[in-house]
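**Student:** One line per chain: the protein sequences are R and Z, in this order. So that you can map any letter, position 275 of the first sequence is 275 in the UniProt record's numbering, and since no number is skipped, the others follow by simple counting. So that you can map any letter, position 281 of the second sequence is 281 in the UniProt record's numbering, and since no number is skipped, the others follow by simple counting.
Read the hints as simulated data drawn from the structure, not as lab findings. One or more hints might be untrue.
The list treats identical chains as one, so a pair stands whether inside a single copy or across any two.
To be verified - Below, simulated DMTMM-like cross-link-like pairs (lysine to aspartate or glutamate); rule was C-alpha separation at most 20 Å, straight line:
no. : residue 1 : residue 2
1   : Lys73     : Glu245
2   : Lys226    : Glu403
3   : Lys230    : Asp296
4   : Lys226    : Asp304
5   : Lys246    : Glu190
6   : Lys246    : Asp118
7   : Lys246    : Glu288
8   : Lys315    : Asp118
9   : Lys73     : Glu449
10  : Lys73     : Asp448
Protein chains: 2
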Amino acid sequence: MSILYDEAIDGPLATFAKADVLGDLQQHIPTLTLLHREEDLRPFECDGLAAYRVTPMLVAMPATLDEVQALLKRCHALGVPVVTRGAGTGLSGGALPLERGILLVMSRFQHILSIDPDARTARLQPGVRNLAISEAAAPYGLYYAPDPSSQIACSIGGNVAENAGGVHCLKYGLTVNNVMRVDILTVEGEPMTLGAEALDAPGFDLLALLNGSEGMLGVITEITVKLLPKPEVAKVLMASFDDVEKAGQAVGNIIAAGIIPGGLEMMDKLAIQAAEDFVQAGYPLDAEAILLCELDGVQADVDDDCDTVRNVLEKAGATDIRQARDDAERAVFWSGRKNAFPAVGRLSPDYYCMDGTIPRRELPAVLNDIAALSRESGLRIANVFHAGDGNMHPLILFDANREGELALAEEVGGKILERCVAAGGSITGEHGVGREKINQMCSQFGGDEITLFHAVKAAFDPQGLLNPGKNIPTLARCAEFGAMHVHNNELAHPDIPRF
Amino acid sequence: MSILYDEAIDGPLATFAKADVLGDLQQHIPTLTLLHREEDLRPFECDGLAAYRVTPMLVAMPATLDEVQALLKRCHALGVPVVTRGAGTGLSGGALPLERGILLVMSRFQHILSIDPDARTARLQPGVRNLAISEAAAPYGLYYAPDPSSQIACSIGGNVAENAGGVHCLKYGLTVNNVMRVDILTVEGEPMTLGAEALDAPGFDLLALLNGSEGMLGVITEITVKLLPKPEVAKVLMASFDDVEKAGQAVGNIIAAGIIPGGLEMMDKLAIQAAEDFVQAGYPLDAEAILLCELDGVQADVDDDCDTVRNVLEKAGATDIRQARDDAERAVFWSGRKNAFPAVGRLSPDYYCMDGTIPRRELPAVLNDIAALSRESGLRIANVFHAGDGNMHPLILFDANREGELALAEEVGGKILERCVAAGGSITGEHGVGREKINQMCSQFGGDEITLFHAVKAAFDPQGLLNPGKNIPTLARCAEFGAMHVHNNELAHPDIPRF
Numbered sequence: 001m002s003i004l005y006d007e008a009i010d011g012p013l014a015t016f017a018k019a020d021v022l023g024d025l026q027q028h029i030p031t032l033t034l035l036h037r038e039e040d041l042r043p044f045e046c047d048g049l050a051a052y053r054v055t056p057m058l059v060a061m062p063a064t065l066d067e068v069q070a071l072l073k074r075c076h077a078l079g080v081p082v083v084t085r086g087a088g089t090g091l092s093g094g095a096l097p098l099e100r101g102i103l104l105v106m107s108r109f110q111h112i113l114s115i116d117p118d119a120r121t122a123r124l125q126p127g128v129r130n131l132a133i134s135e136a137a138a139p140y141g142l143y144y145a146p147d148p149s150s151q152i153a154c155s156i157g158g159n160v161a162e163n164a165g166g167v168h169c170l171k172y173g174l175t176v177n178n179v180m181r182v183d184i185l186t187v188e189g190e191p192m193t194l195g196a197e198a199l200d201a202p203g204f205d206l207l208a209l210l211n212g213s214e215g216m217l218g219v220i221t222e223i224t225v226k227l228l229p230k231p232e233v234a235k236v237l238m239a240s241f242d243d244v245e246k247a248g249q250a251v252g253n254i255i256a257a258g259i260i261p262g263g264l265e266m267m268d269k270l271a272i273q274a275a276e277d278f279v280q281a282g283y284p285l286d287a288e289a290i291l292l293c294e295l296d297g298v299q300a301d302v303d304d305d306c307d308t309v310r311n312v313l314e315k316a317g318a319t320d321i322r323q324a325r326d327d328a329e330r331a332v333f334w335s336g337r338k339n340a341f342p343a344v345g346r347l348s349p350d351y352y353c354m355d356g357t358i359p360r361r362e363l364p365a366v367l368n369d370i371a372a373l374s375r376e377s378g379l380r381i382a383n384v385f386h387a388g389d390g391n392m393h394p395l396i397l398f399d400a401n402r403e404g405e406l407a408l409a410e411e412v413g414g415k416i417l418e419r420c421v422a423a424g425g426s427i428t429g430e431h432g433v434g435r436e437k438i439n440q441m442c443s444q445f446g447g448d449e450i451t452l453f454h455a456v457k458a459a460f461d462p463q464g465l466l467n468p469g470k471n472i473p474t475l476a477r478c479a480e481f482g483a484m485h486v487h488n489n490e491l492a493h494p495d496i497p498r499f
Numbered sequence: 001m002s003i004l005y006d007e008a009i010d011g012p013l014a015t016f017a018k019a020d021v022l023g024d025l026q027q028h029i030p031t032l033t034l035l036h037r038e039e040d041l042r043p044f045e046c047d048g049l050a051a052y053r054v055t056p057m058l059v060a061m062p063a064t065l066d067e068v069q070a071l072l073k074r075c076h077a078l079g080v081p082v083v084t085r086g087a088g089t090g091l092s093g094g095a096l097p098l099e100r101g102i103l104l105v106m107s108r109f110q111h112i113l114s115i116d117p118d119a120r121t122a123r124l125q126p127g128v129r130n131l132a133i134s135e136a137a138a139p140y141g142l143y144y145a146p147d148p149s150s151q152i153a154c155s156i157g158g159n160v161a162e163n164a165g166g167v168h169c170l171k172y173g174l175t176v177n178n179v180m181r182v183d184i185l186t187v188e189g190e191p192m193t194l195g196a197e198a199l200d201a202p203g204f205d206l207l208a209l210l211n212g213s214e215g216m217l218g219v220i221t222e223i224t225v226k227l228l229p230k231p232e233v234a235k236v237l238m239a240s241f242d243d244v245e246k247a248g249q250a251v252g253n254i255i256a257a258g259i260i261p262g263g264l265e266m267m268d269k270l271a272i273q274a275a276e277d278f279v280q281a282g283y284p285l286d287a288e289a290i291l292l293c294e295l296d297g298v299q300a301d302v303d304d305d306c307d308t309v310r311n312v313l314e315k316a317g318a319t320d321i322r323q324a325r326d327d328a329e330r331a332v333f334w335s336g337r338k339n340a341f342p343a344v345g346r347l348s349p350d351y352y353c354m355d356g357t358i359p360r361r362e363l364p365a366v367l368n369d370i371a372a373l374s375r376e377s378g379l380r381i382a383n384v385f386h387a388g389d390g391n392m393h394p395l396i397l398f399d400a401n402r403e404g405e406l407a408l409a410e411e412v413g414g415k416i417l418e419r420c421v422a423a424g425g426s427i428t429g430e431h432g433v434g435r436e437k438i439n440q441m442c443s444q445f446g447g448d449e450i451t452l453f454h455a456v457k458a459a460f461d462p463q464g465l466l467n468p469g470k471n472i473p474t475l476a477r478c479a480e481f482g483a484m485h486v487h488n489n490e491l492a493h494p495d496i497p498r499f
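Pulled out of the complex, with its shape left as it was, chain R reads as follows:
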């Protein structure tokens, strides 16, 4: 399936010809690797959200920061939009190309510039893979905490752009909580440093603003991350429940007992069965839900916490609790969770992965409502998610070849996200808004807030050349989506560019 990107709605006006841009760049930056033939461009037409595909006008693959800078300066002069791409593993289409724009691929910047074991920091080029950071830090007994499922492939630059999460984020925070400093090039190609290696930084917190900004504020050229000491020991408990709501309630009770697990994940029956069939993790096939709870730290601590959690789980009505005997069994327990998405993918020709968040206390009620939506729509929905964070990943199963099922899946997905917002949550926990959830932003935010987002964007990029059409919808789009009343097509600040 393929949903074409309607550039006319959100994209800036393009007044250039592809051949002219290509010629200009070849002339000014002769060393720059530029792809321009249809067959070379095709591999870049989507990121991890393959439902959206656009062939970029040109793909630039710079090898040096000088080339990146020169490219930005030329694009700025020519008024050509730029979409930056890391490893292309994003799940919301944040790196979806523009038909009339440059795709700037940063995958050649893969050097770990330095590791300071005393300060517990690592300086990285943006293309360094997430897992490579922990691998390089391992000899010092350190690791990098945020661990998106794609960590073997995704890059730290993309992690910052999407403010990536992962299993460990419950305890150790999102990317924004683990990044100290980011160097960027502005849309004009000027270098700028956000944050510092020291505590805090004066002025407005532009570093936090950059995290999750999806390539709309600048191009990341270097990142300094915090490293953490590897926990002495990690244990995992697997609890079975005969009722999804009970499992949801247990999640809140664990946290309320004063414990923040290293990971606290939930899977429902459909997900359990799919995962078990795929990787034989030893999951209980008769359970309505399981919780996987990892506890890490020093031995005595972890032993105490295991006892407490076991107690909470029993009181919450767990029908069975198993503790992994050793690290090998711990890895097996996790293998089912980590492969849950592809496992569910084997059940159905297509699935649609949601990423809503809710306050933890709302878990039982929202799970109940998702089950009702599944019954009403006739579409199966598997739940696999970061329960401790209240970060849900309902997977809506459908068959795009059946008339109307794609539309129905999208409708159900939209309803789930609206339910998350109504529960005090948000439309994305860790996958970003990108292209996919741009309409839902109109449910999440009012016109004043959207206008403010545009004004902040304009502070960095007045012409709207960096990744236009992602992350922040235009007010016109929100009006069209039906979620916002725009009166006489008037904005609060009519002088703010609409990109």
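Given chain R's structure and the hints, the job is docking chain Z onto it.
**Tutor:** Then chain Z, alone, in the frame of chain R:
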């Protein structure tokens, strides 16, 4: 001593008369408490940084959010600047009034709206005192981690505005890391919610941007903070050193040993002697420096960590290590540190408190350079600070009544901050920029960055009515300060308002 604020440099053009503004507000918001007589205004002429004093035009003390909203709407209509003030304990003049502006005092908003022990959150009005949060959370075994020295008096709204720190911030983060959601009124009086009670929030991270924005982006009306479980046990070690550099080195070694203490504070000889004389904390009067290291968590963990830290301290050359026997002695050990500022204040008619940060590894070298600056200038400098964070608080002792000493103290202070910036640090760790360090911002940042700050400010407040003249210097001011070259008085974006 009193340094008059030259409003002409940074303040917006005022085209209103005090009597007209007073009349307008009295007419439109008859219930609003407004102070306008000289003797009523005087108590508000400074915040915790008493060196700067300005009598505000009017003081507004609203009792309801409707009054705050109505006030902002009128001020916006009239073009009157607004400075928001919490408890007035800030140390950088962030709440310094404007001679031609309203001082909006939020101290009547003192309700704790709710505490949710399961979600571990508290919803607060902005005037709630920092310590009152932990007191209210105590029955649930919870507390609020950031603990500025002024926590008995300072308010959570001011904490957010200044992104306040404290002893516990090494382990538990600054205010920004402990706030989930903030409700504001914009400069136009429109309500807006930043952040969410759920994990992350889509769009740009405006919540982080608001933290530390010093009242320039909006008026805070409600805050939801995270609460943490109270640690089971806390122990404190006091180590003596015969050399300041050795103590500085030990700080880095503790962190490098994989331990993040609940607090890691350093005091040098002058500070030790002053504190001991003031509160008899049992400090070693012959030591050149002491470290206070608090370890908190579960018993077994804390015992292990105490052994490790003791070992590191011995290897670093500590001449004596004492462990507080019980909570009473622990409180005594801390009393010296917590009273260090007033204790040093007894040594000298005046002192100037700096707040620079540096990467931890630079501690020994920078301490050395501060000692050299003290020798060269003839001014005594006491060091009392959050060593684990690299957040230094050199206290420069001087006598304002002696010809030239104030200027000399300011010069030495400026040099210390420049040394911090050169070491990769920043000009403020937790006290904010406010009015005090506005010139040093020109050392910390280049013209492009300052311009970007102004553009972000303009996104929220195009006319520059909220706390003008604080936090972000004008480029003209930087040029005058000599730290920035402004060519032909031209800015990168000449359309951005200069406030």
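**Student:** Hints first: check each against the structure and report whether it holds.
**Tutor:** Hints versus structure:
no.	hint	verdict
1	Lys73 to Glu245	neither (55 Å within a copy, 47 Å between copies)
2	Lys226 to Glu403	neither (49 Å within a copy, 47 Å between copies)
3	Lys230 to Asp296	both (9 Å within a copy, 19 Å between copies)
4	Lys226 to Asp304	neither (28 Å within a copy, 24 Å between copies)
5	Lys246 to Glu190	neither (54 Å within a copy, 41 Å between copies)
6	Lys246 to Asp118	between (45 Å within a copy, 16 Å between copies)
7	Lys246 to Glu288	within (10 Å within a copy, 59 Å between copies)
8	Lys315 to Asp118	between (44 Å within a copy, 16 Å between copies)
9	Lys73 to Glu449	between (31 Å within a copy, 18 Å between copies)
10	Lys73 to Asp448	between (32 Å within a copy, 15 Å between copies)
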